[in-house]
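Residue numbers 1 to 71, in the numbering used here, belong to the letters of the sequence shown in order.
None of these hints come from the bench; they were simulated from the model. One or more of the hints may lead you astray.
Each pair of labels, with its calculated beta carbon distance range [claimed, not checked]:
1. 32 / 3: 15 to 23 Å
2. 50 / 25: 34 to 42 Å
3. 49 / 28: 24 to 32 Å
4. 10 / 47: 30 to 38 Å
5. 2 / 32: 26 to 34 Å
6. 25 / 5: 13 to 21 Å
7. 3 / 46: 34 to 42 Å
The beta-carbon is built from N, C-alpha and C at its ideal position, and this holds for glycine as well.
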Amino acid sequence: MPSLHCDLEDLLAAWKAEARTFDACDMPASALALRDCHRRLSALLGSHSAHPPTADVAVAAHAQPIATTTL
């Protein structure tokens, strides 16, 4: 997951640069759309970074009930 996080941060940086390009070309609607996507993805990344999964949750997610058989 760390590589996905880094890829998303790179994408955010690219979107920010692209929004500046739209501003320079006087395309405010496109820049606003890019900024909205940037804001939403930043908030999503921020919420996941603030609440990393705990080891107990990961262990519980992979735990399987043990089947017992009587012979």
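- Message: Output the indices of the hints that this structure fails to meet, ascending.
- Response: As far as the earlier hints go, 1, 4, 6 and 7 are violated by this structure, in ascending order.
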